[in-house]
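Q: Since the structure of chain E is already known, use the hints to place chain L on it.
Chain order of the listed sequences is E and L. Quick note on the numbering used here: the first sequence kicks off at 2 and runs consecutively. Quick note on the numbering used here: the second sequence kicks off at 2 and runs consecutively.
Among the clues, some could well be false.
Remember, identical chains collapse to one label, so a pair may be satisfied in a single copy or spanning two.
What the hints assert, rightly or not - The list that follows gives simulated cross-link-like pairs (lysine-lysine, DSSO-like), each with its CA atoms no further than 30 Å apart: (1) Lys120 / Lys83; (2) Lys111 / Lys95; (3) Lys211 / Lys227; (4) Lys55 / Lys83; (5) Lys83 / Lys212; (6) Lys83 / Lys111; (7) Lys120 / Lys55; (8) Lys67 / Lys120; (9) Lys239 / Lys83; (10) Lys83 / Lys227; (11) Lys249 / Lys227; (12) Lys212 / Lys95; (13) Lys212 / Lys55; (14) Lys56 / Lys239; (15) Lys111 / Lys243; (16) Lys227 / Lys239.
Think of the hints as simulated: they come from the structure by calculation, not from any bench.
Number of protein chains: 2
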Amino acid sequence: MAAADMKVATFCVVTGASKGLGQAVAINLAEIVGDGSLIVITARGEDGLNETKKKIGSAAPHVTVKIVAGDIAGPYSDELHKRICDVPSPGSFKHAMIIHNAGSLGDVSKLTSELSDPKVITDYYGLNVSSVLCLNSQFFSATGSIVRRTVVNITSLCALQPFKSWGLYCGGKAARDMIFKVLAQEQPAVRVLSYAPGPLQTGMVEEAAKKTADPDIRAFFVGLSKNRTALDPDVSAKKMVKLLQDNKFESGSHIDFYD
Amino acid sequence: MAAADMKVATFCVVTGASKGLGQAVAINLAEIVGDGSLIVITARGEDGLNETKKKIGSAAPHVTVKIVAGDIAGPYSDELHKRICDVPSPGSFKHAMIIHNAGSLGDVSKLTSELSDPKVITDYYGLNVSSVLCLNSQFFSATGSIVRRTVVNITSLCALQPFKSWGLYCGGKAARDMIFKVLAQEQPAVRVLSYAPGPLQTGMVEEAAKKTADPDIRAFFVGLSKNRTALDPDVSAKKMVKLLQDNKFESGSHIDFYD
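Chain E with its partners taken away, still in its complex shape (with noise of 0.2 Å):
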């Protein structure tokens, strides 16, 4: 595949937005598509997307910012999908662009054998699965007429490797993998990225580290939060950005940062 010309008027939704990658992503995406572009960022905090909606508009002022504030997973979430991908004049727009940033971690303080709650299965799956099926139906179903189209899948290694105490997690993220390589298969013509963006300095390291019950699992993200050696997210955004504009990997296929 040629790389690709990021340079063009985009219209692009970003999930999580609100803090963490999702942010950094906002932000970065931001500064490389062209004049008339609008971003749509969205995630329950809004005071959140307030400032990722400052910070594009001092890094990226050619870009137009829409706050969609909700929970993609909550009870009118159809209603709210409608209006994230509700793009204004279709026709202007030669790029769409999705990515799926948002999602949980899961009850991580228990083993797997442990995991006897449905309505906490069913809530965890509900936000990383099920969410992430029907915003992407609608951003097709609204986007249908632009015809280069690119959607990204925040992963993780969890999707390829077992974490101990993490069964929510890896099976969600496995779960949502090989559904984006479904949708590959099925949609030649866009591009699907599944990018795992490394252990990043958020408030998920530090939510890991409290409560991950597995010894082994918690010392590692322990060390990771005390020695802050995780990943800045606006590092790992750049190399999510830079995928997409070298444009070389297999639609669908699952690329780590430290590939």
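A: Coordinates of chain L only, in the frame set by chain E:
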């Protein structure tokens, strides 16, 4: 690992045991376990379970069979899981086994980009992932005093390879494979196998032949159905039993009928 002595008093649960592979697995396991064994067969269809029980009665009269009819993902599943895993006098068993065979194909009439109904997706993960985790944790808690335990996840090639318009099935099977890999890491004393039985001459092949949206994948299943070239469930069940007896698999690994 040395070959496994299966001819011991075994407490064994088989889900989806009213027909197809589940029925064949229940019968084949009954034939090799020792005196004093109890096989619990569960599924929604009581008539099929009665048939399975009758067949076990002929093939393996030394085994006690208990029928528990119900929906393992239904609203009272917690109560049902307890009845399924109710072990009478645990001290009398030398080996406890559970075969997670129940599952569904999901909606294959839509492409992944058309999956837009959260209820359909939630119900799919409810049956194929959440109920498996919950029943599995019930099994672990009920068999805690039985030193030797084996857990089998019935999986599919679809856990590893994308099948167009099978986004739900592929994603669910990938999630299950990974969850059981995590379980194997967490429980080194337990033998965990993900077994892909191959394309079987069961109702699922007929369903796939009728409903699959993608023409290539549909044609494959139409061919299997028409020429009756899919595998006999009994042949595949025997292969699974042999894998358990030979006991050479790496715990947590995915092994296909054709491997």
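Q: Look at each hint and say if it fits the structure.
A: Structure-based check of each hint:
no. : hint            : verdict
1   : Lys120 / Lys83  : both (26 Å within a copy, 17 Å between copies)
2   : Lys111 / Lys95  : between (47 Å within a copy, 27 Å between copies)
3   : Lys211 / Lys227 : within (12 Å within a copy, 56 Å between copies)
4   : Lys55 / Lys83   : within (24 Å within a copy, 54 Å between copies)
5   : Lys83 / Lys212  : between (35 Å within a copy, 28 Å between copies)
6   : Lys83 / Lys111  : between (36 Å within a copy, 20 Å between copies)
7   : Lys120 / Lys55  : neither (37 Å within a copy, 37 Å between copies)
8   : Lys67 / Lys120  : between (33 Å within a copy, 29 Å between copies)
9   : Lys239 / Lys83  : within (29 Å within a copy, 50 Å between copies)
10  : Lys83 / Lys227  : neither (41 Å within a copy, 43 Å between copies)
11  : Lys249 / Lys227 : neither (36 Å within a copy, 41 Å between copies)
12  : Lys212 / Lys95  : neither (44 Å within a copy, 35 Å between copies)
13  : Lys212 / Lys55  : neither (33 Å within a copy, 49 Å between copies)
14  : Lys56 / Lys239  : within (16 Å within a copy, 62 Å between copies)
15  : Lys111 / Lys243 : neither (37 Å within a copy, 33 Å between copies)
16  : Lys227 / Lys239 : within (25 Å within a copy, 52 Å between copies)
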